[in-house]
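Going down the list, the sequences are from chains A and B.
The numbering of the first sequence is our numbering, which starts it at 964 and goes up by one.
The numbering of the second sequence is our numbering, which starts it at 964 and goes up by one.
The hints are simulated quantities; they were obtained by calculation from the structure and are not laboratory data.
It is possible that some hints are incorrect.
Repeated chains share a single entry, so a pair holds when one copy, or any two copies, can fit it.
[What the hints assert, rightly or not] Each computed DSS-like pair below joins lysine-lysine, with the alpha-carbon atoms no more than 27 Å apart:
1) Lys-1245 - Lys-1257
2) Lys-1214 - Lys-1272
3) Lys-971 - Lys-1157
4) Lys-1047 - Lys-1355
5) Lys-1257 - Lys-1047
6) Lys-1042 - Lys-1123
7) Lys-1047 - Lys-1157
8) Lys-1314 - Lys-1355
There are 2 protein chains.
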Amino acid sequence: MEFRFSEKVAYLQASQIREILKYSADPAVISLAAGSPAPEALPAKELEELSGEILAEEPGIAFQYGVTEGYTPLRDEVKKILAKRGIYNPEYDDVIITSGAQQANELSAKVLCNEGDTLLTEKPCFIGSLNAFKSYHVDLKGITLEEDGINIAELEEALKTGSVRLVYLIPNFQNPTGNTMSWEKRVQAFELCKKYNAIILEDNPYGDLRFAGEDIKCIKNLDTEGRVIYSGTFSKILSPGIRVGYVCAHKDIIQKIVVCKQVADVHTTMWSQMLCYRFLKKYDLDEHLTKMRKVYEHKTGLMLSEIEKNFPKTVEYTKPQGGLFIWCTLPEGVTTQQMIDFCTTAVRDYKVAIVPGSAFSIKESDECRSFRLNFSTPTDANMVKGIQILGKLLNEMFPG
Amino acid sequence: MEFRFSEKVAYLQASQIREILKYSADPAVISLAAGSPAPEALPAKELEELSGEILAEEPGIAFQYGVTEGYTPLRDEVKKILAKRGIYNPEYDDVIITSGAQQANELSAKVLCNEGDTLLTEKPCFIGSLNAFKSYHVDLKGITLEEDGINIAELEEALKTGSVRLVYLIPNFQNPTGNTMSWEKRVQAFELCKKYNAIILEDNPYGDLRFAGEDIKCIKNLDTEGRVIYSGTFSKILSPGIRVGYVCAHKDIIQKIVVCKQVADVHTTMWSQMLCYRFLKKYDLDEHLTKMRKVYEHKTGLMLSEIEKNFPKTVEYTKPQGGLFIWCTLPEGVTTQQMIDFCTTAVRDYKVAIVPGSAFSIKESDECRSFRLNFSTPTDANMVKGIQILGKLLNEMFPG
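Turn these sequences into a full structure, and let the hints steer you where they fit.
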C-alpha cells in the first residue's frame, strides 16, 4: 500500500545522530557521537533511593494521572530556582514541566509559527531542534555561528525582512559547536529582536555545566515583557532517561503550550517529576553541580590534550568552557562527502562513532567539513583510544 | 505584550475535563468526572517491587537516553501480544512505544494530515483526540454515534466527498458514551474506508476492560495491507501516570511517526517502559485483567443500580459492557447551556464533579443534552453518595 504523508513530514528524515547511536549499540564501538551526560556524574544511587521513597509514600500520585502543567511541587521549585537567577518574572511569566526540553522547543514552534513563517537558528544547529521546526513546515534560515555567537549583521539582515517569527538560540556551549555567545552579542540579539518584533527561544540545556570561564547571564535575564521563551532540562544534570524539562515564558504563551502539551502526552511521567522534586529538596543542587563540573573539566581537558597530540595540525577545534561537545573542522577544500566518508569509515572499520557536521546543517546542500566530538560519555581509556584512532585515520585520509 | 499565535492553535481551548479535574483537586469533591482507572485495580505493589529491581539491576538503562522506537524488550513483548490477537502482521506492520496512546493518536494525525484535510470522528468524541486533531488545523467532521457504533450511511456520505484522510474510531466502550461498535459495523466501516481510500485510526484504550458480553475482534484484525493504525495503552491496565502506550501500523507510517516522536520527546521515559516489560514477563496478564474486570463489573453494576434508583425516569443512559464511562442523556428540549449549568451547580454547590457532554462536541454550536459519568475512580460509598446528589439535583433542575 502507498501512503500519502502530510507535506510537513514527507521530507523529514530520521536524525543521523540517532542512526549512529543505534550503531553504537554494538558494545565494541567507542562512541564519541552521543549527547548523553557522563554516567559517572549522574546521581543514580540518590535517584534510586528517592524512587523507593516515592513509591512507598505516594504511589497514588506516581501511578495516577497528573495535571498537564506538571507536578505542582516541582513547578514551584523550578520557579524558585529560575526567579533566583533572574529568569522567571512572576509578573508576566509562568513555568510548566515538559517531557524534556525537546518538547518545550517543539511546542514553542507549534504555538507561534504558521507553515511558511521564518524561523532563524544558529548555523550549524542541534538536529533535534531543526527537525522539530521542520516538522511544522516553517522556513528555516541559518545565521552563521562564530566563536562568540551568531553574526549580528546577518541576524539584522534576516530580521529586516519582517517575516521572522522566532529566533532559536543555544547561547551556552552550543550543540554541536561548544561555542558560547558573548554578553555583548546577547544584548545586541535581544535588542534587534525587540526592534523587529521577533520572539527569542533560548534553549539552555548545558548552562549548568560550565567548568571554566565566567558565567554569562541568559538572554532571558534581559527580558522585561515576555519576549524570550526559556527552556531548560534535568537531562544533563540528573538523568536524560527520565525525560523532564521545563519552559519559562509569558503566561499567554504558556497557556497555549499547555493546550498543545495536553494533546501531545497529557502530562510528563509523574515519577520522573517527583524524582526531580525530591532531589532538589533533599540535596544541594550547587554542590551536585560542582561535583559534575569537575568530572566534565577533567574529561574535556583529556580530550583536548589527546586531540593536540594526535590530530593533524590542519584540524581546527573549539575549546569549550562547558557542555558536552567539541567541534573539529578540516581545512578548506575538504568536501561534505569526504567528511561523511571519514565518519562512516571510523565507525564501520575502526569502531569509533562520531557525527558528521552535515547532520547539523539546515539544507543538505550546505557544505560542512566539520565533525562533532562528545567527551562526556566515553571512559577515559576509551576516549584516549578513540582520539588516537581518529588521529591516525585523519592523517591517512587527509594527509598534509 | 501581545502575541500572534499560529492559526492552528489560536482557537484551541484547554479541555473542560482537565479544568474540572483541577476543581476535583479539592478533597471534598466527589469526582465522577475523571478518566482514571480504578486505583484499587492497579498493581501498585507489584510495580513498586519491579521498580526496585530495575533501579538496582539496570540503572544505566533506566537513567540514560534510549532509542526513539522504544525499549526493545517491551516492543518485542507488545508485538507478541498483538500478533497473538491477530492485530500485528509482521509482513508489513511495525510497533513502537509512545508516551501514552494520546501521543500515538496525535502523531498519526500529524504524519497523515495536511491543514484542511478532512478527518472523521464519532460524534461525540474523546476531547483529547479532538483537540489533538484540531491542533493540526484539519477539518473535523463528526459521524453520529449510535448504540452499536457510527451511522454507516453517514460515514459513506462523508467518504464520498473524497477529501477524507483519516477516520478515527474508539470501537470498544467509547469515550464518552461507553458504546461498543458491532462486528457488522466494523466490517462495513473497514470496507468503506478501503473503497474510498481512507486510513482508519483505531484507538483501543479500554478493550481489555470488558466485563460483560462477548469480545469483538478489532478493525485492525480485518487489515491485510496496512490501512488501519492501531493504538493501545498501559494506562488503563497498569498505570496512567507512567505514560506508556504503543502504536501498531504499516512500517512506512511507523517510520514517519518515529521521526515525529523523535522531535516531540526523543523517547518515552525508560523506567516506565522497563516497568511494563517486567510486569508482562513476571505476571500473567490475563490473570491480572480478570481481577481488574471483576472490580469494574462491580463498580458499573453499582452505578447503574444507583442511577436506576435515583435519576428521574426521563434520563436515558448507556449500559456499557466495559471501559470507564456511562453516558446520560436528558429529554429533548433541554439545552446545552442548561446542561452546563447543571454540571457547574453540581460541582460548585454540591461537590460532585461530572463532565457536560458538550465537552465532547466538535463544534461549540453542536447541541448536547448529555453528561458523562465515570465509575472507575470513586469509592463505592462516594459513588452512591454522588449519584444520590445528582439524582436530587436532576429532579430539582429538570422536574418531570
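Against the structure, the hints come out as follows:
1. In the homo-oligomer, the alpha carbons of Lys-1245 and Lys-1257 lie at most 27 Å apart inside one protomer (21 Å), although the nearest pairing across protomers, at 41 Å, exceeds that limit.
2. In the homo-oligomer, the alpha carbons of Lys-1214 and Lys-1272 never lie at most 27 Å apart, since the shortest distance is 51 Å inside one protomer and 47 Å across protomers.
3. For the identical chains of this complex, Lys-971 and Lys-1157 are inter-copy neighbours only, at 25 Å across copies versus 29 Å inside a copy, given an alpha-carbon limit of 27 Å.
4. For the identical chains of this complex, Lys-1047 and Lys-1355 are neighbours neither inside a copy (48 Å) nor across copies (52 Å), given an alpha-carbon limit of 27 Å.
5. Proximity of Lys-1257 to Lys-1047 under the C-alpha cut-off of 27 Å is restricted to the intra-copy arrangement: shortest distance 24 Å within a copy versus 52 Å between copies.
6. Taking the closest pair of Cα atoms, Lys-1042 and Lys-1123 never come within 27 Å of each other, the shortest separation being 35 Å inside a single copy and 53 Å across copies.
7. In this homomeric assembly, Lys-1047 and Lys-1157 come within 27 Å of each other (Cα to Cα) only inside a single copy, at 24 Å, whereas the closest approach across copies is 59 Å.
8. When the C-alpha separation of Lys-1314 and Lys-1355 is checked against a cutoff of 27 Å, the pair qualifies only within one copy, where the shortest distance is 13 Å, while the shortest distance between copies is 73 Å.
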